[in-house]
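Engineer: Starting from two chains that each stand alone, build the complex the way the hints lay out.
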Amino acid sequence: MTKKIELSAGQVPEIGASQIELLEKLCNATGVSGDEHEVRQIVLEEIKLVADDVKVDALGNVLATRFGRGEQRVRVMLAAHMDEIGFMIVKKHEDALFEFVRVGGIDERQLPGKPVLVGREGLPGVIGAKPIHMTTAKERQNKIEQSALRIDLGPEIGEKVKPGDRATFATRFAITGPSIRAKALDDRLGVATLIELLKHVPAGIDLLAAFTVQEEVGLRGARVAAYAFDPDMAVAVDATPAYDLPHWDEDDENDRYNTRLDAGPAIYVMDRATIPDQRLVTWLQETAQDAGIPCQLRQPGGGGTDAGAIHKVRGGIPSVSVSVPIRYAHTAVNLARLDDWANTLRLLHTALGRITPDLLAVERRGR
Amino acid sequence: MIDLIAHLKTMLSAAGLSGFESPIRSILQEAWAPLTDELGVSKIGSLHGLKRGQGEPPRRRVLISAHMDAIGMMVTGIQDGLLRFTQVGGIDHRILPGQLVTVHGRQDLPGVVVQPSAHLLPGDAGDGPVEMKYLFVDVGLRPDAVDKSVRIGDTISFAQEPIELTGEALAGHTLDNRVSVAATTLCLAELQTRVHTWDVWAVASAQEEETLGGALTSPFDIRPDLAIVIDVCFAQGPGSSDWRSLPFGEGVGLGYGPNIHTALYDLFEQKAKALEIPYQRDLMPSMSGTDAMAVQVVAEGIPCMVLGIPLRYMHTPVETVSLKDIRRAGRLMAAVIADLAPDTLEKIQWEG
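In order, the protein sequences belong to chains A and B. Position 23, counted from 1, in the first sequence is what the working numbering calls 23; the numbers after and before it change by one each time, with no gaps. Convert by adding 367 to the 1-based position in the second sequence; the result is the number in the working numbering.
Calculated directly from the structure, the hints in this document are not laboratory data. On a predicted model such as this, the values are computed, not experimentally measured, just so you know. Worth double-checking, as some hints may not be accurate.
Lysine-lysine pairs mimicking DSSO-like chemistry, simulated, CA-CA at most 30 Å apart [unchecked claim]:
1. B:Lys-714 with B:Lys-640
2. A:Lys-91 with A:Lys-162
3. A:Lys-92 with A:Lys-160
4. B:Lys-376 with B:Lys-691
5. B:Lys-376 with A:Lys-25
6. A:Lys-162 with A:Lys-143
7. A:Lys-160 with A:Lys-91
8. A:Lys-92 with B:Lys-691
9. A:Lys-143 with B:Lys-500
10. A:Lys-160 with B:Lys-376
11. B:Lys-691 with A:Lys-162
12. B:Lys-691 with A:Lys-91
13. A:Lys-143 with A:Lys-92
14. A:Lys-199 with A:Lys-55
15. A:Lys-25 with A:Lys-199
16. A:Lys-160 with B:Lys-410
17. A:Lys-143 with A:Lys-312
18. B:Lys-500 with A:Lys-138
19. A:Lys-92 with A:Lys-199
20. B:Lys-714 with B:Lys-638
21. A:Lys-91 with A:Lys-143
22. A:Lys-25 with A:Lys-55
23. B:Lys-691 with B:Lys-638
24. B:Lys-376 with B:Lys-410
Isolated chain B, as found in the complex (with noise of 0.2 Å):
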């Protein structure tokens, strides 16, 4: 049994921007090394992890792709003994002030961010949400010291430690996608137990937040003939209310849209209907903003289904999941996969 919270703040312990996954990669080769047959890391630092199926050779391959990496900061300058940063992933400056943050020097520092004084910066610059060109992260050390332990191009994490709220939800930096990545460990536990003809290539991809580079590459490596993107989707709270963020809890979200295989998604429909897994149609008229984006188009292209899991105040570091719909989610990959048939493939038609 995999204690899921203990997982969950393992991972959220260890640093991994995208383009620096290795602390995440490691903490993830230990929890899939016993759930898997093979470990590889590829040319651009995704892991990819190998589950054999019981299928005669040569047995088809469905591909999970779970981003591991985090949005985050990094150093540009240091003035005074304070750090002026930009954006790794996408970051609304307006939530920053006042972040918990580590930076990852010659050691790791705790440090803050800070908003300077109006008088500080320039024009009427500070009377509204102050530029994130204007923040500064103050590590609580003098000027000689910080000199001596930041160098520019160090990378800075969120450092706010997760919280448990009521009704199993819990709070946090980069639940966006660790959480993703938790489904991915709960499915690989529950295919112990079960019977699975396909090859099970679980790949925590790098880079999902600025490149995509994890999810172009690794699927080119492995060639699956199905591809299953699990990300977090937006759930309804403050601000966040129309028909793109679904109700908070209360169910798997299912991608619906171009990104898309309608055949696959009507494959995970029935499996979640009839094991009664709580699911909720999830709408991409246009693109998914996940994995699936380039996932779909590697090589002759790969029919892609889009898991979400429902996540309130995503990018910031009081993400908000409910843990049920984590264990839905890994519960739902793992039925859909065990039943994955030798012909199953020929089942991933379009009409006509």
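Looking at chain A on its own, in the form it has when it is part of the complex (with noise of 0.2 Å):
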């Protein structure tokens, strides 16, 4: 069903200083669903000289092409979305002090207290919270609503911020020990691997690459980015929650992680959005046994990537996902393992290396 082929060093992508480099300046830019400008600029930019063609399409998705050799080749799409969660400013109240509200799904408990990067300048402010001296026991018990709080730039920010510019989380990238610390590690893990898979093509398929927008807010630009490319199969390369801290009682287990750090890539088998076609499944396993790649399985359950709009497309689209692990996604500070998403980029590499006409020569069906 797939090709074998024997590894070797030179063939296949890692991740070093230059790679490292290049996923800090992508998480430190801002990229609020439907305001990718700051990281289109940066893929367009990596991508101009590898890609055989380019475009920017009508919702801002970038779509590149890298054509293979050989007859028969397999169009292949691969998916990671530019777009982050984030906030939008709405109302400027008085003492300059700003609402605001939330673009994608950021738990409000997450908010107070926290820097924030406003607008295309990236103008520094904060929210804050009232003073503890001035809550009550019983107030504590209570979230504090995000219709209480206001993102502030100090009193002389003047006309400089107005409703409707965007605003992030101001978290900047870190590594540490064997991690990596930053604000939109999903889903620019996923931005950074398709630029390195682009450089680094196997011969036998073409890559359709679809850095795409506003999948926070409802898988949108997957869906015209797939009608464009009309691919073979897609894989869309994301991240996901690692919910796998110890249950607060040490003889409970923790039995519903959805995925683990240093469990390696995790691969879908369903999603809230998604019944990824079990051929790919299959040839994803295969490839990660075959090779000595660790992987997981995710938990079935809720979520969905930029598959769960591309696999619905014109007759429908034979589609997986594949994910780096990542703990506290959605917050101001997820957090990575390198080697998880090292092992990501290997398995996916060596995955498109083996694939032939032969993967979808057979009916989908289950095992």
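Structural biologist: Here's what the structure looks like:
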């Protein structure tokens, strides 16, 4: 069903200093859903010398193609979303304080006491909170409602910020021991992975790389990207939560972890938006096994990726998702392991190198 | 000239939780050495700086008390490489998830406070604000490395870098009360060029946030005739708009209430008026919530004044202050101190 190739170090893209530097640049950039501009600029700059064809479509997706060599090349779409969760400024109040709303799924308990960056210029601001001295014990049993919070950029912000401006958490990228600590690892890890794969495409496929917009507000970019590419198959490359902290009661097991850090890339078997094509799940699992790359199955359940939109485009597109496990997704500070990212890149690169038309020659079926 | 922002940033980079003040104290020993004649450390860890007056001995003594300790956390347990913790000083647990911290283990470790998902917590504990006892600090290391580096009792500081906002506003952690220490530094610097007859004792006090230990003991050692306690006060902001909060960046708070000697209050108000230094009366109908609660009742009692630097978002890592108010406080203290005459104390009297 799939072609076996020997691995050699030279063929496999590695995560080194320049890849980490690129990820840092991507994570520190601002790209709230609908305003992915800054991330798109970085992507375009990175891929302009390697892609055979690049276009920016009507929604702002970056669609990059790299053609392989040989006959009967499978057209493989990879999708990683450029957008991130964040905020939009909606109203200026007295004292130069700004009311804001959330864009994408953010737990409001993650908001108080956070620095943010506002607008295209990235102006620094803070989301404060009422002093504890002015709260009552009863009050502290309730969440701090987002409606009580404001973004404060100092008394002389003037007209530099206005309703409509986007804002993100201001967290700066850092490597701490074996871990990456940053905002927006969901899904700049995927974006960085796609850029690396574009630079190291196995010859037997046409790689159709979609750097998508608006994933966090309804998988909207991926839908039109898949239509435009009209691929034979698709892989969404994303980041997924690792809810792998210990249970408060040490005798109790955490059996709903979704994914775990240090267990390698997470292959999807089912989420809220997609029942992945079993042929592709098997392709990834067999690749991992043959190449000795650690991987894990994401626990079936909620959540979704760009695959949720892609698999239902045109007459249907065989799709699967692979994610880097990250802790604390959709908060100011995400945490991932460098090894999990490196293994995700290795798995995808190795798997892409094994694709032949035979992979999709059989009808979709389960095992 | 003191570079105020640089001085503040240096102070904010130093840890110094209540009872663990030595990192910040070392910074201040360096900063105050050229501004004082003598430096000493009290038995409880407060820093005492003496700048001698030019009057004939025996000279009167005025104390400036600015607490240098910070709020933070302390490790209470380690579970699968994640740290349980409790608070040092008063922290609203609702501002903790997602905060950057430094764990002072065998070496300093960068970490983040994290909120476990609801399915890992008992009953409905994960639905509302998650209590501090269920939160963790994640230092991004694997469990075996954490076990080697961290022990129960290690302190945890907030690590948010200070942020410069518009209009000379600065946001960061521990501005309570490093801004008052900075104002004290500015006051000492200004006194270098002024004649003052009284001895000035500048104290960076320890343990205000937990025990008031520094404020109870340093005045006993020093036995000042008058005391100026300087701390932060509430600035108006979201959720903080009643009479307790002063407009932001519009002047120093002059404390008014039982912790403050009325005649001393009058002295400060008159001086602020004369110099056109913006000020606001900060009403403290009961206890001031500052070192003055302790200083006032040391030994036979000490007349106290309380100055306040208005601060937004107190006890969060994004406390926000106006640099203008820090400079105003420093200038006002220096002006009042330079005016203290050998007979001033006789005017600090109760009526009748």
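Engineer: All hints are to be evaluated individually against the structure, with a verdict given for each.
Structural biologist: The hints, checked one at a time:
With a CA separation close to 19 Å, the supplied pair B:Lys-714 and B:Lys-640 stays within the 30 Å bound. Restraint check: the Cα-Cα separation between A:Lys-91 and A:Lys-162 comes to about 7 Å, which is no more than 30 Å; the hinted pair holds. Taking the CA atoms of A:Lys-92 and A:Lys-160, the gap is near 11 Å; set against the 30 Å cutoff, the hint holds. For the suggested pair B:Lys-376 and B:Lys-691, the alpha carbons sit about 16 Å apart, so the restraint of at most 30 Å is met.
Between B:Lys-376 and A:Lys-25, the direct Cα distance comes to roughly 26 Å. Compliance with the 30 Å bound is thereby established for this hinted pair. A hinted pair counts as satisfied when its Cα atoms are at most 30 Å apart, and A:Lys-162 with A:Lys-143 qualifies at roughly 27 Å. In summary, the hint linking A:Lys-160 to A:Lys-91 is supported, as the alpha carbons are separated by about 13 Å, within the 30 Å threshold. Among the hinted pairs, A:Lys-92 with B:Lys-691 is consistent with the structure: their alpha-carbon atoms are about 24 Å apart, no more than 30 Å.
Annotation: proposed proximity of A:Lys-143 to B:Lys-500 holds, straight-line Cα distance about 16 Å (limit 30 Å). Between the alpha carbons of A:Lys-160 and B:Lys-376 the distance comes to roughly 26 Å, so the proposed pair stays at or under 30 Å and holds. Between B:Lys-691 and A:Lys-162 the alpha-carbon distance is near 26 Å, which keeps this suggested pair within the 30 Å criterion. Restraint check: the Cα-Cα separation between B:Lys-691 and A:Lys-91 comes to about 27 Å, which is no more than 30 Å; the hinted pair holds.
In summary, the hint linking A:Lys-143 to A:Lys-92 is supported, as the alpha carbons are separated by about 24 Å, within the 30 Å threshold. Our distance criterion of 30 Å between C-alpha atoms is met by A:Lys-199 and A:Lys-55, whose separation comes to about 17 Å. Taken as a hint, the A:Lys-25 and A:Lys-199 pair is honoured in the structure, with Cα atoms around 18 Å apart against an allowance of 30 Å. Restraint check for A:Lys-160 and B:Lys-410: not satisfied, since their Cα atoms lie roughly 51 Å apart, outside the 30 Å limit.
Annotation: proposed proximity of A:Lys-143 to A:Lys-312 is violated, straight-line Cα distance about 39 Å (limit 30 Å). Between B:Lys-500 and A:Lys-138, the direct Cα distance comes to roughly 17 Å. Compliance with the 30 Å bound is thereby established for this hinted pair. Annotation: proposed proximity of A:Lys-92 to A:Lys-199 is violated, straight-line Cα distance about 45 Å (limit 30 Å). In summary, the hint linking B:Lys-714 to B:Lys-638 is supported, as the alpha carbons are separated by about 15 Å, within the 30 Å threshold.
Taking the CA atoms of A:Lys-91 and A:Lys-143, the gap is near 22 Å; set against the 30 Å cutoff, the hint holds. As the CA atoms of A:Lys-25 and A:Lys-55 are separated by approximately 22 Å, the hinted pair is consistent with the 30 Å bound. Between B:Lys-691 and B:Lys-638 the alpha-carbon distance is near 18 Å, which keeps this suggested pair within the 30 Å criterion. Taking the CA atoms of B:Lys-376 and B:Lys-410, the gap is about 27 Å. The hint holds against a cut of 30 Å.
The structure shown violates the earlier hints numbered 16, 17, 19.
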